Structure formats: C-alpha cells, structure tokens
Amino acid sequence: MSVHVPTSLDEAIQLLVANPTARLLSGGTDTMVEVNFNRTKPEAVIALRRIPSLREYSIGPDGIVIGAGVPYASMETGPLAEALPAVAAAARTVGSPQIRAAGTLGGNLGTCSPAGDGLPVLSALNASINLRSPRGTRTVPFAEFMTGVKRNSRATDEIIESVSVAPTTGFQDYAKVGVRNAMVISVASVCFVHDRNTSSVRVALGAVGPTIIRAREAEDWLAGRVDASKQLPSDGALATEFARLVASAARPIDDHRSTAAYRRHAIEVLARRLYLRSTT
Amino acid sequence: MTDTTSFYELTVNGSRREVRDSWIGESLLYVLRERLGLMGSKGACEQGECGSCTVLLDGDAVCSCLVLSASAVGSNIVTVEGLAPNGEPSDVQRAFVDHGAVQCGFCTPGLIVAVHHLLEHNPDPSMIEVKEALSGNICRCTGYGRIFAAVETVVAVRKGAGS
Numbered sequence: 001m002s003v004h005v006p007t008s009l010d011e012a013i014q015l016l017v018a019n020p021t022a023r024l025l026s027g028g029t030d031t032m033v034e035v036n037f038n039r040t041k042p043e044a045v046i047a048l049r050r051i052p053s054l055r056e057y058s059i060g061p062d063g064i065v066i067g068a069g070v071p072y073a074s075m076e077t078g079p080l081a082e083a084l085p086a087v088a089a090a091a092r093t094v095g096s097p098q099i100r101a102a103g104t105l106g107g108n109l110g111t112c113s114p115a116g117d118g119l120p121v122l123s124a125l126n127a128s129i130n131l132r133s134p135r136g137t138r139t140v141p142f143a144e145f146m147t148g149v150k151r152n153s154r155a156t157d158e159i160i161e162s163v164s165v166a167p168t169t170g171f172q173d174y175a176k177v178g179v180r181n182a183m184v185i186s187v188a189s190v191c192f193v194h195d196r197n198t199s200s201v202r203v204a205l206g207a208v209g210p211t212i213i214r215a216r217e218a219e220d221w222l223a224g225r226v227d228a229s230k231q232l233p234s235d236g237a238l239a240t241e242f243a244r245l246v247a248s249a250a251r252p253i254d255d256h257r258s259t260a261a262y263r264r265h266a267i268e269v270l271a272r273r274l275y276l277r278s279t280t
Numbered sequence: 281m282t283d284t285t286s287f288y289e290l291t292v293n294g295s296r297r298e299v300r301d302s303w304i305g306e307s308l309l310y311v312l313r314e315r316l317g318l319m320g321s322k323g324a325c326e327q328g329e330c331g332s333c334t335v336l337l338d339g340d341a342v343c344s345c346l347v348l349s350a351s352a353v354g355s356n357i358v359t360v361e362g363l364a365p366n367g368e369p370s371d372v373q374r375a376f377v378d379h380g381a382v383q384c385g386f387c388t389p390g391l392i393v394a395v396h397h398l399l400e401h402n403p404d405p406s407m408i409e410v411k412e413a414l415s416g417n418i419c420r421c422t423g424y425g426r427i428f429a430a431v432e433t434v435v436a437v438r439k440g441a442g443s
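In the order they appear, the protein sequences are chains A and B.
Position 275 of the first sequence, counting from 1, maps to 275 under the numbering used here, and the rest follow consecutively.
One gets the numbering used here by counting positions in the second sequence from 1 and adding 280 to each.
What the hints contain is simulated information worked out from the structure, not anything from laboratory work.
Remember, predicted model here, so these are calculated numbers, not experimental data.
Pulled a few chain B residues facing chain A out of the computed Cβ check, cut under 8 Å: (1) Gly305; (2) Glu329; (3) Thr334; (4) Cys345.
The beta carbon of each residue, even a glycine, is placed where N, CA and C say it ideally should be.
Just chain B, with the same shape it has in the complex (with noise of 0.2 Å):
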C-alpha cells in the first residue's frame, strides 16, 4: 500500500471492509469509526491510556488508537459489535446492565471486549486477577465496584451452565 490516498480491505467481525478515500496514516480507531460507521470503540486518550477503544486483533486485546489501521491488512478484528448477533446483548453485556456497571457509559465498550477476552482465557479467574485484566480500562464514573460484581456474576453463570 504506498498511494497516500488508499484502498484496502479489512477484515471486521467476519466480513471484509473496504476502506476508501482515507488517510493512509490513520488509526485503527478512525478508520472503524468514520470510515466504517462502527462507532462502539471509543475515543478518548487516543495514546494507549484509557482503553476505551480495545478491539481484538488476530484474538489479542489491544487498544486500536495505537494501531495503524493500514497495517492491519489480512489480521482478523472483532470490534464490540461483533461480540454477539446485532441487537441481542452477551451475557457480560447483560451482566453489566443488571449491575449498574454502566453509568455514562463511555467506557463500556472497552471494557466489554477486555472482559470477554479475559473469560475466553481464563474462565474462572481470581479477582486479582480480573483487576488486572481490566486495568488498562479506565472508568470514571462507578469505582469498578459494579464492573467486578457483573464479571463475577457472569463467571458463575458460566460455570453452572457448563456442569
């Protein structure tokens, strides 16, 4: 890709994107929001501190402001949209609304796909280890008091459906 004014293709929650008349310098973050109309990662810092537009890449949880967008050509990315079918909430979606853990809400989206992340590795962490899973996740409004409570509801609800 050398044209400063590019054409590629993203691979976004399973289906492939086009990505057209944009700047070749811009970051993951803006190309999903103002190229592609995914407007569930959010902007905040934009340099890796708040965690509020955490996508997955090839599975990893990264902050998408910090990756250029033209650099993910041929990576598989799952926004917190692709998280589950439109319109029907995850159970961690479900979890944090009966909890309260969404109060402005800003910081939801990030937080979301950093727990399913963390519930993909590792089902039944210790709370620790969750506080360091959503540590890159900043928000200011609940204390994570309600974000820890609707992990551990969800883990328990995993469980009892797994035995």
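This is chain A alone, in the form it adopts within the complex (with noise of 0.2 Å):
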C-alpha cells in the first residue's frame, strides 16, 4: 500500500491518473473499519483531508455549494443548518461528535449506501454532483449519481469535489429510525423539501431499496391537490393518504437490521409526521 496526501484537487487528480486503482479516502469512517478488520488492502490510498478547497462551503442567491470534504460537524449549526435545515437534521443524525468531525458529504456519495444519511437528502433537494477530472469538471444529477447499493457514475479518473444545490424557500426535514436515538446506522428514512420557489414537494426514502427513492407517485398525487407555492394545509386526512403512497414506493428488504413489513411502516410514520411537522 501507498499513501499519498496532496494538498491541492490539482495534486490529487494527477497522484489518481498515475494511480488509477487509489481509493480516494475522505474521513475515514468507512475505508478505516475495512481496514482495520483486514477486509480491503487498496494498493495505493489518496487521502483528502489535507486539500483546503474541498472544505469549503458557499451561500449565494444562485445556489449554495458545499466542498465534499467539508465535514458534518459544519453543517449541524451555523450557515449551512440555516441555508438548508434538511442537511442540518441529517448531519446530526449521522454517528456521533467524533464521526461527525470526520465524515463528509463526499465519503457518503464515495461509499454510496442506501443507508447513508446525508443523500436522501441531496436526492430530495435536487442536489448535482461535481466530479474533476484530468478532462475538467462534469456535473451530474443525484439521481443518475447513485446506481445501486454501494455503486456510483463516477469515472475512476473523476474525484467528487462538492455537491450544488439550488435555492429553496419552504420547510424541509430529515427524519430516521434507529435502534436508538444516538449513534447509529437508519433502519429507514425520510427527507421531506416543500420548495415554494417549483411549488413542488420532493421525498427521498433511505435505506428502503438498492439506491434512494423518490417517491414520485407520492410527489405527483400532493402537487394534484395542493397549491404548493403556499404553506401545506393542516389536513390530517390528506397526510394519512400521502404517507400510504410514499411508503408504496419503498422497496425495503429483511436484513439483520429490520424487516421489510418495519421498515415500510416506518417510512410511513415518518412521511405523515414530517407532512404535517410542515404545515405548523
């Protein structure tokens, strides 16, 4: 194994042609426990903790960008929590103090698990990916960025450099179930954006299918009914059906974490509370 630690996306875009096969390394929380346990030996390691730009973060009226290695400590509060409270409420969900000092946006869209906290919600904020590579930048939407469990359209020349996210006026939330309120994995997900600006509503599902879902069905069924340009009415009734049809578009498995039946009426529970957490 080589370890190699630029300090610039330059550096690192030129040590990943000369080593193709690398594993880019972010905070560590992944490639470390796969190490440590003797389950990968990756032949070169690049690690990215040392490249500033990647930790940067900006809030403009055209959108708001957030470096890939920026970690999720940064974004429980300050700026960013305001900017896009959906990011906040997953970042503080993710592990616990010293994983959130570590972990990063870029790790989770790295390792791709449908379990991760932090893409459903970059699912439902419509958020792109932005990879760099020795040919230039290519943008791509979440939605073709993720393919399966643990599987992703980046190019192995290509390092994810930071997400962009365009500007939302409206509620948005994340919430999880767990084993237990601190320091673990989801069972199931939800990410809810009311964006007043598309008078539209996006959900994302984590941890329920091979890659996030978008329970569009969902998404189509409220906007027939609703003015979603305007605060969502406090109809009970209206979210019961709407959380039925978001949890329709799950497609969860029994693992050794929960069962499918679980996890489906989860996603219910959640869908309904997060509906009407956002008519209030």
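Join these two chains into a complex; the hints should help.
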C-alpha cells in the first residue's frame, strides 16, 4: 500500500492518474473500518483531508455549494444549517460527534450506501454532484449519480469536488428510525422538502431500496391536491393518504438490521410526521 | 509516502515523533500505542463506535482508529497524555476521580479528551449538550451519572475561577 497526502485538488487528480486503482479517502469512517478488519487492502490511498478547497462551502443567491470534504459537524449549526435545515437535520443524526467531525458528504457519496444519511437529503434537494478529472469538470444530478448499493457513476479518474443545491424556500426536514436515539445507522429514513420556489414537494427515502428512492407518485398526487407555492394545509386525512403513497414507493428488504414490513411502516409514520410538521 | 515499510513524522502533543518500520495502512490508534508507546488511547471496537480512542486532530475530537496514521502527517495531534503535564491530573481528570466516574477505567481516557474538547468550545454547556457531546463515548460501568456530575463540577469550578 502507498499513501499519498495531496494538498491541492490538481495534485490529487495527478496522483489519481498515476494510481488509477487508488482508494480516495475522505473522513475515513468507512474505509478505515474495512482496513482495520482486513476486509480491504488498497494498493494506494489518496487522502483528501489536507486539500483546503474541498473543505469550503458557499451560500449565494444562485445556490449553495458544499465542498466534498466539509465535515458534518460544520453542517449541524451555522450558515449551512440555516440555509439547508434538512442537511443540518441529517448531519445531526450521523454517528457520534467524533464521526461527525470526520465524516463528509464526499465520503457518503463515494461509499453510496443506501443507509447514508446525507443521500436522501441530496436526492430531495435535487442536488448536483460536481466531479473533477483531467478531462475537466462534470456535473451529474444525484438521481444519475447513485446507481445501486455502494455503486455510483463516478469515473475512475474523477474526484468528487462538491455538491450544488439550488436555493429553496419552504419547510425541509429529515427524519430517521434506528435502534436507539444516538450513534446509529439508519433502518429507514425520509427527507421531505417543500420548495415554494418551484411549487413542489419532494420526498426521498433512505435504507429501503438499493438506491435512494424518490416517492414520485406521492409527490405528483400531492401536487394535484395542494397549492405548493403556499404553506401546505394542516389536513390529517391528506397527510395519511400522502404517507401511504410514500410508503408504497419503498422497496425494503429483510436483513440483520430490520424487516421489510417494519421499514415500510416506519417510512409511512415518518412521511406523515414530516408532512404535518411542515404545516405548523 | 509511497513505501510500504515507511518512515514519516507525526506531531503528537507538541513533539515531532518519528514512525519507523510500520505498515503504512496502520490506524493512528495503532501507531500511537504500538509505535510511539502512548498507551492512553484505548482500542476496543476499532470501528468508531465506542470513543475510547478519542484524540484531538487539528482541534477536532475524532476516533483515532478511523484516522489513517500516514494521512495525519502535518496535523496537530493531542492525546490524553498531552492534556496535562506528566504526573499532574487535569481538572477534568481530578473531577472524574473525585466523583467515582472512573470504574474499570477503560473508557476514561476517551471521555477525558471529549470533555476537554467540549468545555473548550462550550464552557457552560446544558446537561443535554453534555450528553450529546459525550454520546460517542460508551461506558459500561458507571451508567454515566457520575461522569455527568464530574463535568458539572468542572464547569462550576472553572466559572468560579473566572469570576
């Protein structure tokens, strides 16, 4: 194994060209577990933590750009949390404070686990993933980035540079069920984004399918019944039917963490809760 | 650093330390304990669940088991050994002893680092903030009550000293 610690993105890209099979290392919270337990032994590692540009973010009228190396801890409070409350909510549910000091959206996207807490939020925010390679910059919508369980459309010579999100106005939140209230991986999760700018409600589901799932049928059903340019109506029957449709989009499995039936039920409860929370 | 058998330098507790004849894929926790002889950081889960290996990396409290040691070149690393002069307990360590917050003691170094980090950034935390800040440090002996009491005492004493 060789370890490289570049201090600029250009240097990292050159190193990746020279070591095309290198593992890109961000916060280390996934990769180092595999290394510690001898589950993987990469030929080369390119550690990205000392590249300052990856740890920057910007908030402007045209949108928000979050560097791939910004740790979750920087999203929990402060300007990013104010601009993107759903990102803050998801960041607060990631692991422990120690994990949130290390873990990043770039790492979440690189691993692309369906249980990654950042991913439903990027999906519901219609985020774009910005990738850099010797060939230039490529921007991919999240829906085309995650292609399966721990699979994505990053080319072997690309480094995830940042994510871009258009400005939204309206309620947004993330809710998750796990086996306890802290330090826990998601059993089922929902991100709900009410975007008054585009008169839309977007809902994304985590840990209940091979990729993050958008509940398009429920989104369309709701769009036909409410004026999403305004606050959504506080209507329990509407919320119940909406949540039923959201849950029908889930494709959960039975595994060591939970059962498919429980996961679908949890999605329904969380979707109804988030809808009603948006109306208050 | 491209050699499998490596030589590199880390900055630990303000000193430059040479790491020799190690495998380049070793975690910072392993290097601290097995290469540099700093046994304060404890290894239990080696997957970021227990917090017993918590150190400060450029001021952030992180699990040293999840840091690739060779990637920490150029970073400022502080372990539990670096929080107070050798042989003199810090106020946090003293409060843990006074409150019986140390039982088997295995989780204690990680908790001490986490408490120092919390109080440096938030000198007057609410109990919920204390619980959140320590949620990544698992203790199977105390039930946490004595640990929280120790933190409350440090907060009160430091406030008294400052006024």
